[in-house]
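Number of protein chains: 2
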Amino acid sequence: MSIDIMIEDMAKDAKAAARLLRKIERDTKDAALRLMADRLLQRKKDIVRENKKDLALAEEKGLTSAMIDRLTLDDKTIRSMAEGLREIAVLSDPVGEVTGMWKRPNGLMVGRVRIPLGVIGFIYESRPNVTVDAASLCLKSGNAVILKGGSEAINSNLILEKILKESLEETGLPQNAIQVVPSTDRKAVRILLGLEDYVDIIIPRGGEGLIRFVAEHSRIPVLKHYKGVCHIYVDEFADMVTASDVCFNAKVQRPGVCNAMETMLVHDKIAGDFLPLIGKRLREAGVEIRGCPKTLSLIPQAVPAEEADWAAEFLDLILAVKIVSSMDEALDHIDKYGSDHTEAIITKDYERSMKFLREVDSSVVLVNASTRFNDGNQLGLGAEIGINTSKLHAFGPMGLEELTTTKFIVYGNGQVRS
Amino acid sequence: MSIDIMIEDMAKDAKAAARLLRKIERDTKDAALRLMADRLLQRKKDIVRENKKDLALAEEKGLTSAMIDRLTLDDKTIRSMAEGLREIAVLSDPVGEVTGMWKRPNGLMVGRVRIPLGVIGFIYESRPNVTVDAASLCLKSGNAVILKGGSEAINSNLILEKILKESLEETGLPQNAIQVVPSTDRKAVRILLGLEDYVDIIIPRGGEGLIRFVAEHSRIPVLKHYKGVCHIYVDEFADMVTASDVCFNAKVQRPGVCNAMETMLVHDKIAGDFLPLIGKRLREAGVEIRGCPKTLSLIPQAVPAEEADWAAEFLDLILAVKIVSSMDEALDHIDKYGSDHTEAIITKDYERSMKFLREVDSSVVLVNASTRFNDGNQLGLGAEIGINTSKLHAFGPMGLEELTTTKFIVYGNGQVRS
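The listed protein sequences correspond, in order, to chains A and B. Residues 13 to 430 (this note's numbering) make up the first sequence, in order. Residues 13 to 430 (this note's numbering) make up the second sequence, in order.
Source of the hints: derived by calculation from the structure; they are not laboratory data.
Identical chains blur together in the list; that is why a pair holds if it fits in one copy or across any two.
For lysine-lysine, the following BS3-like pairs were computed, each having C-alpha atoms within a straight-line distance of at most 25 Å:
hint, residue 1, residue 2
1, K367, K24
2, K24, K236
3, K367, K419
4, K24, K419
5, K27, K239
6, K177, K65
With these hints in hand, go ahead and build the complete structure from the sequences.
What follows is the structure, encoded as structure tokens:
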């Protein structure tokens, strides 16, 4: 069978499964999720055996130790996948929630009710635990999913799919609700991106290259996340301790993620006191500071920032620092170089905090808190399938609710239009 | 100046205007809308003069009288545009609405607040009154808009733009919030669809050809509406009078629109009584009936339906009729041939009404009411910029709220992640 036909068949099967899935009540979905957790733990040996095949191939190919680390499934990661499944089972089911209902002058009762999106194409890179995460979020929200993972994780992904499917079957759910593309052929992604008649939405997760490829070639709507060039603006009226703690946390606690701070903007009235203090703390943590000319005079170890640094997502212990002469200059800078991802202000001033919340157009805007909180779990969505930095459908972190849409339901008693 | 540079400059100007616009409070936007209404009435002569240029060209080109009718701006249509503006001014402003706020265990207050989408590209066909409709909805929801209308309405659109811009300026709003593409070059659409760095969303309104062109070439997310193949299922437990009145209304009251009924599915236990009755009434209204074999025996004047009729959007006094032996057969038929637009059931049975509302996956699902109610005004959204038949962002009719998105706002007091 050609890969074109195989992927199209998978998509058709997913659509049929989605039609069944949208009628399934929460109890059954939760039972399947809990069974999956049990089965993953029971089948640990099988999972590790298949994962070892991937690891052996990875070593042959000379993957870095960081990549091999991400690829590895062991006792700890398998337990963590099982816990993840049980956590999703506890979350409330968005499907069927009536988000509003009102009466029209002609007596029609009009409401909006949450329904699944349908079929989700999920395209991601190496970590095989993402297979279980994504599958469970899609199942709980009533969607069928087609998972296209990285080729280096193919054996791990297929054994995980097998175990998940067995649990679906035992619970009486359609097995095609969860499908892993059983091919490492790169053409599979292109084919999937063209199946607009069967697939409702594409969610890519991975590096900027993958995301750009998907966005460019998809005929299906894509919820995508390019990059996080996150700013903290330390206002002239900032509390020094808060500013120092929050900026340090946002840069150092986990520098390799999208919600880490990449540029710090400091009001010049506080820069003289604040920059030497935070500069010392950051340098002691190994952070390289790339500063504007004024910054260089206050942090001697800083190197001059180049134009490209203001737009850079370093994902590393590097920070761009700029002194601004007003809050408006900070807002203009964010508008010019920001990525609409996450921005924070540190201030004790009420008006400025309100202005920042109002005027900054990013998916998450914070006052006196770390940018690291842009995360579905941290914000209280319960779980996260990704972060969307385009404004359509769901701006920011996406949880279960964001994997649904609403339809209108209308209760009439014979109304006609005149 | 080349058209590429012109359109790109318009998009940049729109983005700058959008940034200003999102800070504007409701009072100012409403004042601008009311002023626009006044100015349209005051400048009636100028509008009619420019419109006459379009009409003269249209006659030269030999456009049909229906097309010329749609193109014409006279006392009545100008008054109606002004009324439309005043109605939008009365609607509540979605921007700034906090749709939820909750407290996290670490004390963070997390909320979601409505913000404008940004820059909307609106691509449409002949009616120049749509220029004012779309511009007013975008303005009220805080969005800048680039309007690309039909070439045959260019003079009318440009005089309308001039009047709207003057009102923006008088109210202190950015003039580039509303821009009409001043060119009839077909390349303009292609260029606009590629400007993903400046334009947040594309809304096309027009025939299926236009929509498909836009969907195929856009690098920007598109909210689109292909077609409405709307069904009414007349259940075995339908009230005969309700069924007859609703089906007649859905087919005959305005057959040329997307929410008119195109296929009627009738349970065979009621078909013997119902079909001769409704058949007579529809035929008297000039409706051609294309039926399944069983239908032909109950409505002698009916002609045999071909396979293509089940998927057809007739937009005319033509109706496909099929007798089904169960509700599930009706649901399967809708699933196979429907367009996710609008579906209704006529029944007195509680369980069946609930099952239909639950299982039909269309943007509007009705019980005992006409499909013609799928309309933003009729459903209580206040106004409508279009209907979206894809599930992302806003499924179904889109009003002001659907021209916004939400961002997260977070009130902290020094929280960091550990």
